[in-house]
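Visitor: Sequence:
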Amino acid sequence: MSKRFVVIGGGSVGVFAAREAARWGAEVTLISEGEIGGRATWDSLVPSKVLLAAADTILDARHAAYRGVQVAVSDVRVGDLMERIRQRTHEWGAAQKALLEQAGVRIVYGVASFADAHTLKVQTPQGGEQQLGFDVALIASGSVPIFPPSMKPDGKRILAPRFMSSLSSLPERLIMVGGGVTGSEFAYLFRVLGSEVTVLTDMPRLLPRADEEVSQSLERAFEQMGIRVMLSSPVESVTATPSWVHVQLHDGRTFDATHAFIAIGRRADLSRLNLEAVGLQPTPQGVPVNEYLQSPVPHIYVAGDAAGAPFTVNRGWAQARVAVRHALGVPVEPFRPELVVEAVYTQPQVAQVGLTEAQAREQGLRVKVLRAHHADNLKAQLLGEREGFVKLVVEETTDRLLGGSAVGAHAADVLASLAVAMALGGTWETLASVYPAHPTLVELLTEAARG
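Read in my numbering, the sequence shown has 197 at position 194, and its numbers run on one by one without any break.
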């Protein structure tokens with residue numbers, strides 16, 4: 004008899020988990036509060052990537068002369084961008100729903116909460132209540148943005164990712180509150196689209212989880228683009244008037260602009276699940292899990308943002324694969340977070356996989372660092388990319404690949420090959436023995452390995 008497998012959450016990770024469970028013969032029900040695709044599809048990831056694609060196109064056009072082509076960009080039509088967002092979100096949401104239907108997954112719409120260890124209550128959009136029994140549950144409820152009371156977005160003067168599909172005009176002067184992934188991406192895209200941008204962050208550098216050299220490279224690039232970056236500048240409050248926003252820092256300094264954008268972080272969305280009914284005690288970081296994404300209640304698993312940061316879709320997919328297979332008795336290796344590539348889609352694009360140099364040294368490892376620079380790579384030169392680099396972190400005693408960072412065009416794609424090499428237990432000699440097609444950016448990896 005097949006197991007009754009319930010997935011809580013209709014976002015990208017929930018969809019992946021439901022399809023994976025159906026693939027292995029489970030009787031799968033997915034509970035989705037809203038449209039299939041979740042917040043990533045409708046409110047954040049897809050809308051932001053549409054805008055980033057527009058910004059990249061503009062920047063490529065500006066740099067086209069380097070490649071011997073003259074391209075003029077006349078203007079940015081906000082209405083066309085909003086229509087493009089609506090088109091892509093609906094297409095992507097419909098595609099994910101179709102995949103669930105093809106897999107035979109039952110979809111139930113509503114808000115789920117635990118009644119007991121094997122029963123869920125679902126509050127339906129019509130106001131009714133439905134009960135679902137299950138053998139295995141996977142929580143993929145995602146995350147929500149953090150908005151302190153003193154800086155609440157209103158969608159007019161104070162913005163956040165959720166409002167990007169309903170912009171009527173571009174900000175003239177924007178203050179970005181936050182210098183992490185979201186803050187950096189939106190600072191970049193708004194600057195390229197024509198806004199004057201100032202970034203305020205309480206951290207001592209942009210992208211605080213990235214390699215320090217990566218952060219420094221992005222800070223230099225932002226400065227060259229005309230983005231003002233103010234580090235170690237925590238914001239106290241953001242208030243709006245009909246035509247301006249007023250930003251006050253903890254130290255009393257003040258800034259005015261036409262708009263502010265709040266991007267200070269996210270937290271796991273667990274508050275409505277009634278986890279106490281099954282004896283689970285979530286932490287501020289999410290639901291505690293083991294290496295198979297299994298909670299302290301053995302038949303309840305967690306994947307994606309609900310399991311804690313970093314909040315990336317590909318990390319959630321990797322977790323869901325491990326969780327589903329483990330729950331259904333399919334052989335699977337434990338989740339390996341060091342193989343998840345993280346990317347920031349600015350220009351230059353930046354990416355990271357595995358340990359940074361600082362993290363490796365903090366763990367007491369003896370490491371050596373191998374590098375290659377875009378200035379020495381033909382493909383990068385043809386693209387006009389002269390400032391980027393690839394950095395490999397290697398354990399000195401074993402030559403084992405511990406991680407890597409990249410700055411420049413297609414950085415995330417370049418590091419995908421490094422992740423594969425790490426998954427296979429490769430050394431720097433493994434990479435050095437590979438000769439990719441020439442000219443390509445992935446040669447940066449092998450060039451770094453060969454020193």
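No lab work stands behind these hints: they were computed from the structure.
Note that the coordinates shown come from a computational prediction; the quantities given were computed from them, not determined experimentally.
Heads up, the beta-carbon is just placed ideally off N, CA and C, and yes, glycines get one too.
Take the hints with a grain of salt, since some may be wrong.
[Stated by the list, open to error] Calculated lysine to any residue pairs in the SDA-like style (CA-CA distance at most 20 Å, straight line): (1) Lys155 with Thr244; (2) Lys159 with Asp254; (3) Lys124 with Thr244; (4) Lys52 with Thr244.
[Stated by the list, open to error] Cβ pair distances, simulated, as ranges: (5) Gly197 with Val111: 40 to 50 Å; (6) Ser153 with Gln90: 30 to 40 Å; (7) Glu399 with Ser5: 44 to 54 Å; (8) Val333 with Thr430: 29 to 39 Å; (9) Glu38 with Asp402: 46 to 56 Å; (10) Pro287 with Gly387: 37 to 47 Å; (11) Gln366 with Arg7: 21 to 31 Å; (12) Glu336 with Glu38: 26 to 36 Å; (13) Arg389 with Arg7: 52 to 62 Å; (14) Pro287 with Gln90: 30 to 40 Å; (15) Gln288 with Glu365: 12 to 22 Å; (16) Pro299 with Pro237: 31 to 41 Å; (17) Ala67 with Gly130: 50 to 60 Å.
Visitor: Work down the list of hints and note, for each, if the structure agrees.
Guide: Results for each hint:
no., hint, verdict
1, Lys155 with Thr244, "holds, 13 Å"
2, Lys159 with Asp254, "violated, 27 Å"
3, Lys124 with Thr244, "violated, 43 Å"
4, Lys52 with Thr244, "violated, 30 Å"
5, Gly197 with Val111: 40 to 50 Å, "holds, 44 Å"
6, Ser153 with Gln90: 30 to 40 Å, "holds, 36 Å"
7, Glu399 with Ser5: 44 to 54 Å, "holds, 50 Å"
8, Val333 with Thr430: 29 to 39 Å, "holds, 30 Å"
9, Glu38 with Asp402: 46 to 56 Å, "holds, 49 Å"
10, Pro287 with Gly387: 37 to 47 Å, "holds, 44 Å"
11, Gln366 with Arg7: 21 to 31 Å, "violated, 42 Å"
12, Glu336 with Glu38: 26 to 36 Å, "holds, 34 Å"
13, Arg389 with Arg7: 52 to 62 Å, "holds, 57 Å"
14, Pro287 with Gln90: 30 to 40 Å, "holds, 37 Å"
15, Gln288 with Glu365: 12 to 22 Å, "holds, 19 Å"
16, Pro299 with Pro237: 31 to 41 Å, "holds, 36 Å"
17, Ala67 with Gly130: 50 to 60 Å, "holds, 56 Å"
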